[in-house]
Amino acid sequence: MNHFTKITLNFLSIVLLVSLIAAPIYFATSFAKVAGVKNASKYLIVSQVDKFPNLTLSQTADLYKLTFSKIGESQAFLDILIINNPTTESQTYTINVSKGDAKIFFGHDIANRQSKISTPAGSSVPISLYSQGGTSDQFVEFSINY
Amino acid sequence: MLSKSIIKLIDEAIIPAVVLIIGKMLGLFVASSLFHLSFTVKNAQIFWILPRVSFTTLSDYIKAENYSNLTMFMVAMLGTLYVIVRAHFFHESHITPKLHAKLVSLNLDRIVAPSYHIYHQAAIWLTFLWLTVIFLAISSFLKITYPQISIMAFIIAANFSWVFAMDIEREIEISKEI
Chain A
972 MNHFTKITLN FLSIVLLVSL IAAPIYFATS FAKVAGVKNA SKYLIVSQVD KFPNLTLSQT
1032 ADLYKLTFSK IGESQAFLDI LIINNPTTES QTYTINVSKG DAKIFFGHDI ANRQSKISTP
1092 AGSSVPISLY SQGGTSDQFV EFSINY
Chain B
9 MLSKSIIKLI DEAIIPAVVL IIGKMLGLFV ASSLFHLSFT VKNAQIFWIL PRVSFTTLSD
69 YIKAENYSNL TMFMVAMLGT LYVIVRAHFF HESHITPKLH AKLVSLNLDR IVAPSYHIYH
129 QAAIWLTFLW LTVIFLAISS FLKITYPQIS IMAFIIAANF SWVFAMDIER EIEISKEI
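In the order they appear, the protein sequences are chains A and B. Residues 972 to 1117 in this note's numbering are what the first sequence spells out, letter by letter. Residues 9 to 186 in this note's numbering are what the second sequence spells out, letter by letter.
Hints are computed from structural coordinates only; laboratory data are not their basis. Honestly, I wouldn't trust all of these hints.
Stated by the list, open to error - Here are the simulated BS3-like pairs of lysine-lysine, each with C-alpha atoms no more than 27 Å apart in a straight line:
| hint | chain 1 | residue 1 | chain 2 | residue 2 |
| --- | --- | --- | --- | --- |
| 1 | B | Lys-12 | A | Lys-977 |
| 2 | A | Lys-1036 | A | Lys-1004 |
| 3 | B | Lys-184 | B | Lys-106 |
| 4 | A | Lys-1070 | A | Lys-1004 |
| 5 | A | Lys-1013 | A | Lys-1036 |
| 6 | A | Lys-1074 | A | Lys-1036 |
| 7 | A | Lys-977 | A | Lys-1022 |
| 8 | A | Lys-1070 | A | Lys-1036 |
| 9 | B | Lys-16 | B | Lys-151 |
| 10 | A | Lys-977 | B | Lys-16 |
| 11 | A | Lys-1004 | B | Lys-16 |
| 12 | A | Lys-1041 | A | Lys-1070 |
| 13 | B | Lys-151 | A | Lys-1004 |
| 14 | B | Lys-12 | A | Lys-1004 |
| 15 | A | Lys-977 | A | Lys-1013 |
Predicted model only: the values in this text are computed from it and were never measured.
With the hints as extra help, turn the sequences into a complete structure.
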């Protein structure tokens, strides 16, 4: 057996020995884990629509649709939804209205309607609806961008 | 030619490695069934054949991990204890003639082993024992294993190493006399 073969075989046998010794320790570290549902969502919408008569919410993928019947010419529905930031970082959310004349905004100050807001990690912000003029039965479609 | 020592060490390392893995698995499953911990098993996750267990909550995982680590350490400890007892009482170089004769009469003389065999076995078991202690210490540092288990493991491993060192010392004195 030449020297090179000897060295190679001895090296491989040491690798095998180290692997045999390390195997139970590696197994002990990897055998048990905690399973958890990984939430990859950047926001969570909590609906409070059931507290409001004549107001319904529907959703298709990322598009939300609010259908409502208002009593007067101007009506506000405050805190109909709550947007929560489930991540560990601050997120900036923007409401994009794609259809409808009603105003969707963050917070519940009609005089200061915000369509963009920065939300710290783990915190929540209400979403309100304001309609002025138009027919009594309306709808508004919107999405949340981040 | 391959080193005889390395081949002997590989030969001696197989059973302890398997036994430690089985001890860990057994400890985890026994703890889970005793404490009614819910878990899911995914097959062929580790080394392409062994399963991985996932617990639903962190507290369940910590409880199961502690008991399974303790079981694994006890397996390593028992293996090392077996080798140390063999080195102390059934060592070919210094076994008492009376005991040797008794073992022969009981047809148990295969328990008596030469230094070459005992010291290779002891090297492997003590390596596994100390690696387990290091693993427990790191696990305690990461706030998974209870510190009491790591401290107890360290004390036991230190004592076993000291007893084994005494046997090596005796062996050196015997070979000097010869």
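Hints versus structure:
1. Note on B/Lys-12 and A/Lys-977: the hinted pairing holds, with a Cα-Cα distance of about 12 Å set against a maximum of 27 Å.
2. Among the hinted pairs, A/Lys-1036 with A/Lys-1004 is inconsistent with the structure: their alpha-carbon atoms are about 41 Å apart, more than 27 Å.
3. Taken as a hint, the B/Lys-184 and B/Lys-106 pair is honoured in the structure, with Cα atoms around 24 Å apart against an allowance of 27 Å.
4. Restraint check: the Cα-Cα separation between A/Lys-1070 and A/Lys-1004 comes to about 47 Å, which exceeds 27 Å; the hinted pair is violated.
5. Restraint check: the Cα-Cα separation between A/Lys-1013 and A/Lys-1036 comes to about 20 Å, which is no more than 27 Å; the hinted pair holds.
6. For the suggested pair A/Lys-1074 and A/Lys-1036, the alpha carbons sit about 13 Å apart, so the restraint of at most 27 Å is met.
7. Restraint check for A/Lys-977 and A/Lys-1022: not satisfied, since their Cα atoms lie roughly 82 Å apart, outside the 27 Å limit.
8. For the proposed pair A/Lys-1070 and A/Lys-1036, the alpha carbon gap of about 9 Å is at most 27 Å, so the pair holds.
9. For the suggested pair B/Lys-16 and B/Lys-151, the alpha carbons sit about 38 Å apart, so the restraint of at most 27 Å is broken.
10. Between A/Lys-977 and B/Lys-16 the CA atoms are separated by roughly 17 Å; this keeps the pair inside 27 Å, and the hint holds.
11. For the hint pairing A/Lys-1004 with B/Lys-16, the CA-to-CA distance comes to about 35 Å; that exceeds 27 Å, so the pair is violated.
12. Distance check on the hinted pair: A/Lys-1041 and A/Lys-1070 sit about 18 Å apart at the alpha-carbon level, within 27 Å; holds.
13. Distance check on the hinted pair: B/Lys-151 and A/Lys-1004 sit about 14 Å apart at the alpha-carbon level, within 27 Å; holds.
14. The suggested pairing of B/Lys-12 with A/Lys-1004 is violated, with an alpha-carbon distance near 40 Å, which exceeds 27 Å.
15. A hinted pair counts as satisfied when its Cα atoms are at most 27 Å apart, and A/Lys-977 with A/Lys-1013 does not qualify at roughly 59 Å.
The structure fails hints 2, 4, 7, 9, 11, 14, 15 (numbered hints given earlier, in ascending order).
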